[in-house]
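Heads up: the sequence shown begins at 1 in UniProt numbering, then just goes up one per residue.
Some clues are possibly wrong.
When the alpha-carbon atoms are kept at most 25 Å apart in a straight line, the in silico DSS-like pairs for lysine-lysine are as follows [to be verified]:
#1 Lys434 with Lys212
#2 Lys151 with Lys98
#3 Lys134 with Lys69
#4 Lys151 with Lys106
#5 Lys134 with Lys35
#6 Lys134 with Lys145
#7 Lys328 with Lys280
#8 Lys69 with Lys145
#9 Lys118 with Lys145
#10 Lys13 with Lys69
#11 Lys118 with Lys98
#12 Lys444 with Lys406
#13 Lys35 with Lys131
#14 Lys389 with Lys378
#15 Lys328 with Lys378
#16 Lys176 with Lys206
#17 Lys378 with Lys456
#18 Lys131 with Lys151
#19 Lys389 with Lys375
#20 Lys444 with Lys375
#21 Lys102 with Lys118
#22 Lys212 with Lys106
#23 Lys13 with Lys286
#24 Lys35 with Lys13
#25 Lys434 with Lys389
#26 Lys35 with Lys176
#27 Lys143 with Lys131
#28 Lys378 with Lys273
#29 Lys131 with Lys69
#30 Lys131 with Lys145
#31 Lys136 with Lys118
#32 Lys118 with Lys106
#33 Lys102 with Lys13
#34 Lys273 with Lys212
#35 Lys273 with Lys286
#36 Lys106 with Lys35
#37 Lys174 with Lys131
#38 Lys106 with Lys131
Quick caveat, the hints were computed from the structure, so don't treat them as lab data.
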Amino acid sequence: MGFSMKDTLFPRKTSVFAIALTLFYLAGNLTLFYKLSEQFEIVYRHHFPIHEMNAINIRLGQSLSSITKNLVFEYNEEDFLEYRLERDSLSFNISSYKQLLKESKKDYLLTNDFGREKLGEFEVRVIALAKLGKTKEARSLFKSKEYENLKNNYFYSSQSIAEHLSTERDSFLKNKVNLFNFGVILSMGFFTLLAFIWLRVIFAYKTNTEVKRKALADLELERAKSSHNAKMASLGEMAAGLAHEINNPLTIINGYASQLGRMVDRGKLDSEKLTHISTKLSFTCKRIATIIKGLKTFSRDSEGEDVSDVTVIDVIEDTLSFCQEKFKNHGINFEINHLPHDIYISVRPVEISQVILNLLNNAFDAVEELDMEDKWLKIEIEDLDHLVKISIIDCGPGISEELAHKILEPFFTTKEIGKGTGLGLSISKNIIEKHEGLFSIDIKSPNTKFDIILPKTDTPVVKNEEAA
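Between the sequences and the hints, there should be enough to build the whole structure, so can you do that?
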């Protein structure tokens, strides 16, 4: 069980539905607010100016009537000039007022009584009499029923238009408020539905995240188990080689022990020979100790092992202590190019040894089956500036590109049934990549060649004895 990086943690259908519904919700709200703003713009651009201009018409009309009264009772040029200015202002305002009503398609509200032409002409006639000193006649006309009717008709017409516009505006605003309230209620319903759907999406996401976390944890556990099993399989494969690796030093020890026994029997204990035998015995015991130490190290769980700075040659030599004798006993020539001991890598040594040992065991199995006299296997180490490349090469034929892709997949093996798990190369690749390295097959090589590239450590971390 596993998840690829392309897998989504969101429920696909529910998420798509939630996104579509959210977009519909936003589009509906935007449309509603846009339409309302358009309607309110009409009110702002037409209703309000019409009301304001209508109020100005009424105010100027009242002002003209008041000035006319003053002129009738006491004529003076200053008031007359004010009358003319007010009359011109009213004339201009009425003209603009009519134009605005026409633009807003409300010119049907205009009546014959709206215009102030007749009232204005009557006031001019009254003022002219007052100017000529005919005060009595002027006052009589000013107080006449005709003048009163003309004034009332004008003010009634203006007031009627204002009341009609107010009623129309109030009705319009009421309808828009009702529409807005309906939109708010509908929006809240949609929002509740959206919240419910998105809660389901979030809940599903959390559930999937937890499932993925557990799956990855299980996968990592299985990978660790597979890695350990593959390592144990490698130990099993090299068991026979280990017997030879330890048996040869034991044979040497036994030979020197027999030689010492004969020297004792003869009573001839030569100090020079004793020193030579002691040196050889010490060296041979150290070799056995190295093999056993390496075996103990290799067999333990590497998951808890700390990363440490080690030389490439040390890792390889520790690994070769398990299998070098096996190559010799089966007539396989082994070579390794000599390198300086100052090329350090920061790794888990046991894991890198596992990779190299797996490649060496695979090479041994492949070479052993070849029908050829000159069988060989070699390790090449190349310093690549900030990197180091370790190549395991054997005398077998090169690997095709098609096969190279397959053999790195888990559970694919070219070995006989029961002899290989198909996990060795896959696990080796994972181990190297976990060390920020590269594990590859050189398909251009005429022979079987695996390359391991790891980053170098320029300055190794030196641990003091107490830390050690």
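We went through each hint and held it up to the structure:
no. : hint               : result
1   : Lys434 with Lys212 : holds (20 Å)
2   : Lys151 with Lys98  : holds (19 Å)
3   : Lys134 with Lys69  : holds (14 Å)
4   : Lys151 with Lys106 : holds (23 Å)
5   : Lys134 with Lys35  : violated (62 Å)
6   : Lys134 with Lys145 : holds (19 Å)
7   : Lys328 with Lys280 : holds (21 Å)
8   : Lys69 with Lys145  : holds (15 Å)
9   : Lys118 with Lys145 : holds (14 Å)
10  : Lys13 with Lys69   : violated (82 Å)
11  : Lys118 with Lys98  : holds (17 Å)
12  : Lys444 with Lys406 : holds (17 Å)
13  : Lys35 with Lys131  : violated (58 Å)
14  : Lys389 with Lys378 : holds (14 Å)
15  : Lys328 with Lys378 : holds (13 Å)
16  : Lys176 with Lys206 : violated (43 Å)
17  : Lys378 with Lys456 : holds (22 Å)
18  : Lys131 with Lys151 : holds (22 Å)
19  : Lys389 with Lys375 : holds (24 Å)
20  : Lys444 with Lys375 : holds (21 Å)
21  : Lys102 with Lys118 : holds (23 Å)
22  : Lys212 with Lys106 : violated (69 Å)
23  : Lys13 with Lys286  : violated (68 Å)
24  : Lys35 with Lys13   : violated (33 Å)
25  : Lys434 with Lys389 : holds (16 Å)
26  : Lys35 with Lys176  : holds (10 Å)
27  : Lys143 with Lys131 : holds (17 Å)
28  : Lys378 with Lys273 : violated (37 Å)
29  : Lys131 with Lys69  : holds (13 Å)
30  : Lys131 with Lys145 : holds (22 Å)
31  : Lys136 with Lys118 : holds (22 Å)
32  : Lys118 with Lys106 : holds (23 Å)
33  : Lys102 with Lys13  : violated (55 Å)
34  : Lys273 with Lys212 : violated (69 Å)
35  : Lys273 with Lys286 : holds (20 Å)
36  : Lys106 with Lys35  : holds (21 Å)
37  : Lys174 with Lys131 : violated (53 Å)
38  : Lys106 with Lys131 : violated (41 Å)
In summary, the numbered hints that this structure violates are 5, 10, 13, 16, 22, 23, 24, 28, 33, 34, 37, 38.
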